[in-house]
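Enquirer: Each chain, written out:
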Amino acid sequence: MSTLSFDNVVNQGLALYEFRKGGRSMTDYKLRLPVGGLVNARSTAMAVLGLVVALVGAACSGGAGGGGGTAGSTTITMAAVDNPQMEDLAKLLPNFESAHSNIHVNIVTLPEDQLRQQVTTDVAAKSGRFDLFTEGTYEVPIWAKNGWIVDLTPYIAKDASYDPGDLIPGIKGALSYKGDLYAVPFYGESSMLMYRKDLLSAKGITMPDHPTWDQVAAAANAVNSSSVSGICLRGLPGWGEQLAPLDTVVNTFGGRWFDQSWNAQLTSPAWHDALSFYVNLLKSAGEPGAGNAGFTECLNAYNSGKVAMWYDATVGASNFTGTAATNSGYAYAPTKLTPYSGWLWSWALGIPSTSTKKDAAWTFIDWATSKDYIKLVGTKLGWSHVPPGTRTSTYALSDYQAAAGGFAQVTLDSIAHADVMHSTVDPVPYIGVQYVDIPEFQQLGDQVSQEFAKVIAGNESVDQALQKANALAAAVGKAYQGS
Amino acid sequence: MATMARNRSRILWSAVGWLVVFVFFFPVLWMWLEGLKTEPQAASSPPTIFFVPTLTEFQTVLSGDFPPFFINSAIASIGSTLLVVVLGLPAAYALAIRPVPKSRDVLFFFISTRFLPFAASLVPLYLLARDLQLLDNIFALILIYTTINLPLGVWLLRSFLLEIPHDLFEAARVDGAGFFNELYRVVIPLITPGIAATCLICLIFSWNEFFYAVNFTSSVAATAPIFLVSFISGRGLFYAKLAAAATLASLPVLMAGWIAQKQLIRGLTMGAVK
Amino acid sequence: MPETAASVARREAWGRRLPLLPALIYVFVMTQIPFVLTIYYSFFNWNLLKPGSFHFTGLDNYGTLLTDESIRTAVWNTVVLTVCVIAISVVLGVAVAMLLNSDVIGKGLLRTLMIAPFLIMPTAAALVWKDTLLNPLFGLLPYLLTPFGLERVDWVNRFPMATVVAVEVWRWTPFMMLIILAGLQSQNPEVLEAAQVDGANSVQTFRRITLPLVRPFIELGALLGSLFVVQTYDSIYMLTYGGPGEDTTNIPFLLYLVAFQGFSIGQASAIGVVAVVLTIIIATFALRTLFSIFQVEARR
Numbered sequence: 001m002s003t004l005s006f007d008n009v010v011n012q013g014l015a016l017y018e019f020r021k022g023g024r025s026m027t028d029y030k031l032r033l034p035v036g037g038l039v040n041a042r043s044t045a046m047a048v049l050g051l052v053v054a055l056v057g058a059a060c061s062g063g064a065g066g067g068g069g070t071a072g073s074t075t076i077t078m079a080a081v082d083n084p085q086m087e088d089l090a091k092l093l094p095n096f097e098s099a100h101s102n103i104h105v106n107i108v109t110l111p112e113d114q115l116r117q118q119v120t121t122d123v124a125a126k127s128g129r130f131d132l133f134t135e136g137t138y139e140v141p142i143w144a145k146n147g148w149i150v151d152l153t154p155y156i157a158k159d160a161s162y163d164p165g166d167l168i169p170g171i172k173g174a175l176s177y178k179g180d181l182y183a184v185p186f187y188g189e190s191s192m193l194m195y196r197k198d199l200l201s202a203k204g205i206t207m208p209d210h211p212t213w214d215q216v217a218a219a220a221n222a223v224n225s226s227s228v229s230g231i232c233l234r235g236l237p238g239w240g241e242q243l244a245p246l247d248t249v250v251n252t253f254g255g256r257w258f259d260q261s262w263n264a265q266l267t268s269p270a271w272h273d274a275l276s277f278y279v280n281l282l283k284s285a286g287e288p289g290a291g292n293a294g295f296t297e298c299l300n301a302y303n304s305g306k307v308a309m310w311y312d313a314t315v316g317a318s319n320f321t322g323t324a325a326t327n328s329g330y331a332y333a334p335t336k337l338t339p340y341s342g343w344l345w346s347w348a349l350g351i352p353s354t355s356t357k358k359d360a361a362w363t364f365i366d367w368a369t370s371k372d373y374i375k376l377v378g379t380k381l382g383w384s385h386v387p388p389g390t391r392t393s394t395y396a397l398s399d400y401q402a403a404a405g406g407f408a409q410v411t412l413d414s415i416a417h418a419d420v421m422h423s424t425v426d427p428v429p430y431i432g433v434q435y436v437d438i439p440e441f442q443q444l445g446d447q448v449s450q451e452f453a454k455v456i457a458g459n460e461s462v463d464q465a466l467q468k469a470n471a472l473a474a475a476v477g478k479a480y481q482g483s
Numbered sequence: 001m002a003t004m005a006r007n008r009s010r011i012l013w014s015a016v017g018w019l020v021v022f023v024f025f026f027p028v029l030w031m032w033l034e035g036l037k038t039e040p041q042a043a044s045s046p047p048t049i050f051f052v053p054t055l056t057e058f059q060t061v062l063s064g065d066f067p068p069f070f071i072n073s074a075i076a077s078i079g080s081t082l083l084v085v086v087l088g089l090p091a092a093y094a095l096a097i098r099p100v101p102k103s104r105d106v107l108f109f110f111i112s113t114r115f116l117p118f119a120a121s122l123v124p125l126y127l128l129a130r131d132l133q134l135l136d137n138i139f140a141l142i143l144i145y146t147t148i149n150l151p152l153g154v155w156l157l158r159s160f161l162l163e164i165p166h167d168l169f170e171a172a173r174v175d176g177a178g179f180f181n182e183l184y185r186v187v188i189p190l191i192t193p194g195i196a197a198t199c200l201i202c203l204i205f206s207w208n209e210f211f212y213a214v215n216f217t218s219s220v221a222a223t224a225p226i227f228l229v230s231f232i233s234g235r236g237l238f239y240a241k242l243a244a245a246a247t248l249a250s251l252p253v254l255m256a257g258w259i260a261q262k263q264l265i266r267g268l269t270m271g272a273v274k
Numbered sequence: 001m002p003e004t005a006a007s008v009a010r011r012e013a014w015g016r017r018l019p020l021l022p023a024l025i026y027v028f029v030m031t032q033i034p035f036v037l038t039i040y041y042s043f044f045n046w047n048l049l050k051p052g053s054f055h056f057t058g059l060d061n062y063g064t065l066l067t068d069e070s071i072r073t074a075v076w077n078t079v080v081l082t083v084c085v086i087a088i089s090v091v092l093g094v095a096v097a098m099l100l101n102s103d104v105i106g107k108g109l110l111r112t113l114m115i116a117p118f119l120i121m122p123t124a125a126a127l128v129w130k131d132t133l134l135n136p137l138f139g140l141l142p143y144l145l146t147p148f149g150l151e152r153v154d155w156v157n158r159f160p161m162a163t164v165v166a167v168e169v170w171r172w173t174p175f176m177m178l179i180i181l182a183g184l185q186s187q188n189p190e191v192l193e194a195a196q197v198d199g200a201n202s203v204q205t206f207r208r209i210t211l212p213l214v215r216p217f218i219e220l221g222a223l224l225g226s227l228f229v230v231q232t233y234d235s236i237y238m239l240t241y242g243g244p245g246e247d248t249t250n251i252p253f254l255l256y257l258v259a260f261q262g263f264s265i266g267q268a269s270a271i272g273v274v275a276v277v278l279t280i281i282i283a284t285f286a287l288r289t290l291f292s293i294f295q296v297e298a299r300r
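Chains as they are written, first to last, in the working numbering: chain A, 1 to 483; chain B, 1 to 274; chain C, 1 to 300.
Since the hints were made in silico from the structure, they are not lab data. Check the hints yourself; a few may be wrong.
[To be verified] EDC-like, lysine to aspartate or glutamate: derived pairs with alpha carbons at most 20 Å apart:
id, chain 1, residue 1, chain 2, residue 2
1, A, K371, A, D399
2, A, K371, A, D159
3, A, K306, B, E39
4, A, K91, B, D65
5, C, K50, A, E97
6, A, K357, A, D159
7, A, K358, A, D209
8, A, K283, C, E151
9, A, K306, C, E151
10, A, K478, C, E69
11, C, K130, B, E39
12, A, K478, C, D60
13, A, K371, A, E87
14, A, K172, A, D366
15, A, K126, B, D131
16, A, K172, A, D159
17, A, K380, A, D159
18, A, K478, C, D68
19, C, K130, A, D198
20, A, K91, A, D437
21, B, K102, C, E12
This is chain A alone, in the form it adopts within the complex (with noise of 0.2 Å):
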């Protein structure tokens, strides 16, 4: 055992080359070696020491993909969702740039998970990398409370056109915190029913325009095919992705995350119900796939006619091509005990505390969010790419009635009718349609969503995943009991 030390290890190495003694001055030794081990030595030395200063120089001057701009223009930096309204943005970038050329804007793009955590973390640690984000309904009103992000009223009132009362008011009020403005809306969401029509009326079905769910599983069903899969759900677990349907899917079968004592109710009949139900569903009709599907692969998957249905965000209608743009009807969110189930979502453009360029960062959000904006995104790129579900007067656009005519009406009607406060049948002591608005959601929404994630590949049983989850949200609900 003691032989296995260090000291040997060391030894043996000079030990070893003991053995290699031969010839005793370094004039010998030079002569032995390879060429190359000498001679470039010194070239390579040099040629190091170049690529040094070159690259200090690149690093120094003006820097990698920062800072720039003229004297006396400020950079503020975004964080943005990688959302197809957000590259329009980015596209119009010059528009807002050229008419205020003292602010310059970066923007960073991030997918959903990873601009959530990268924000978040900035927030919460007050790192003030970012000068405006995208955030959504679920933050807004937590931040405000921990004071992290900026109150907008003053400013929104130093604009006089920006007219606040446009705002639809179901979205309004999901970004306020105690009547205030924390953040306004880029756009807004609720969730319908996308389906073809050509493809169920060729097995003799027509969807009502407020079904059921137990309709809207008949005709996936018998829509289905091997080639064609009868109904596109998001399986991709995370809570703003899997667990937003899922979620409206509970509430309207009457199920609830908490009762009013916050004790976790996620084994009650409703949950089972609803959760086998929108496995089954998967499992018969859905998408091959599934446990990988999220809003853009469901979206891929029916522009190219793979499924006939799908139930997802209302905006996704405006990203449809070819024979699905021209052969969708729409319905509202399929329902069960509830008259209306699709949920409420929107992404808003917010300041964080710690920005010190507040104003330019304003100036931004003022252009980004404004009736002019909602114009120029329909004469320059097309009416179908309006940011929906803002302003009440976006849909009093004619042009935009035009392009966006089929699903526009159910969009509007369905941000209506989805309320934050009340959208499940048993009363709650948290707001979100689809989501619980509490910090710890997060985590809680993404392990639960994981273990029902399970599920839907087949490795484990219902029960037992509401079981899981029940325990994990009882823990959450723990904290909030007696406050």
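Starting from the known structure of chain A, fit chains B and C onto it as the hints suggest.
Expert: This is chains B and C only, laid out in the frame that chain A set:
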């Protein structure tokens, strides 16, 4: 007869070899091919095997703001690698040639830090970086990558140094060389291939590093992996663009590894027995 | 005043220590300071999302770990992932190395192509695997498996650990192969010929001559490889995000989830401390094995 049998066996084993290598190389090839397709082709079912290559998606990827990401990656990788050599070479020297008392403990300490799950120190480092204004600053990444690669660098360099015959140093000392002279005239020329191998390995790991890059940078200092991930789009099909971006992001390290293969092998096998 | 022998010796000793100091101090500062902070935070109940939650709770966080299934699952997953990846890639690496060491046509090109998986950015590779090769809707593998009726199998979600292991094996086999190839190439051809003359067949030659020679290289590959595979994060993040459930959450990923998804800093720190302690224990054993490599060689 024996020759024919040997040739047959040669061809047989070559075929097996090529098949195995093809299977391993195929995903890389598929990545390149997907980048050369149009979006509908990249996401077609059944998958498109024969198609007319087009550079449209590559152009789209390149038309975005990609140089800053690559420059940042270059700065972080090369910067940290240089720092590893500058710090590591003297340390390796001290551990190999002129053993310090307690060398064993020191080397153990170095190597044990490499075993530490770096996720453990993520939060304290993040908060420290925030306080030092190092968030979204490329120097933070340089420092972190140096920390990650230094132990490996010291170990590798020490192994290379152990190759140098002891007498060379004695001869140098006899010739009256001081420490730096010894280092410059004796050690560095002999160890250049070793330094090259160490540099290459450090470069590979720094360039491909994702965890710290994504948590410590956002826009100014964002590196290549973040550029890649930005192509996971919320709108429509993105697979061809993603493949194109993946090809571009992997290209520098792939080229470096391919060109300096021999160095890579020497680096990896150093410390095995020699 | 003439220098005493003692002061000369001291100067010499410092002269030896000096070159070591910069690296030592650097690593010490960069690893120990965060670690000390981690230990400090682990005694507090601190959730970033709840301002004002920074309270001292002593060993509560550690207590939760004992009852929390997550960390046990994570440790298990880490072990399974590491052992499977290393074992399989070593076996494959030996096989491929032997192939490339024998008389095949185009050895150089084969080797060049073979190391590509190791050089490609792990993030990129994982995305390509998930979205274009294994994708149940558009992927190549489901298409190739259609004749077997397996075209709708969702590999990534139904067999998450197997998928992650497969991708990591794909990535690390070239690494193992390179190391073992170097070992094979250091074989003395005369010994092999002598064995052939003596009438040994290839299996015997392999077992008696090649394998013992290659063993130190295999051990080195396994050790170096484990160093990296234990810390796998990129592939898991891109392929399965730790799921479904917690099926592919390993220790680094669990730390990330607790710290950056739950923002529970105290809890994450406690997990971090435990992970470090476990690592040091394992590292001690592992490094002793490493030195046995030197020991075996020196005995020859």
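Enquirer: Starting from the hint list further up, note which numbers the structure goes against and sort them upward.
Expert: Numbers 5, 7, 17, 19, 20 - these are the hints that the structure violates, sorted from lowest upward.
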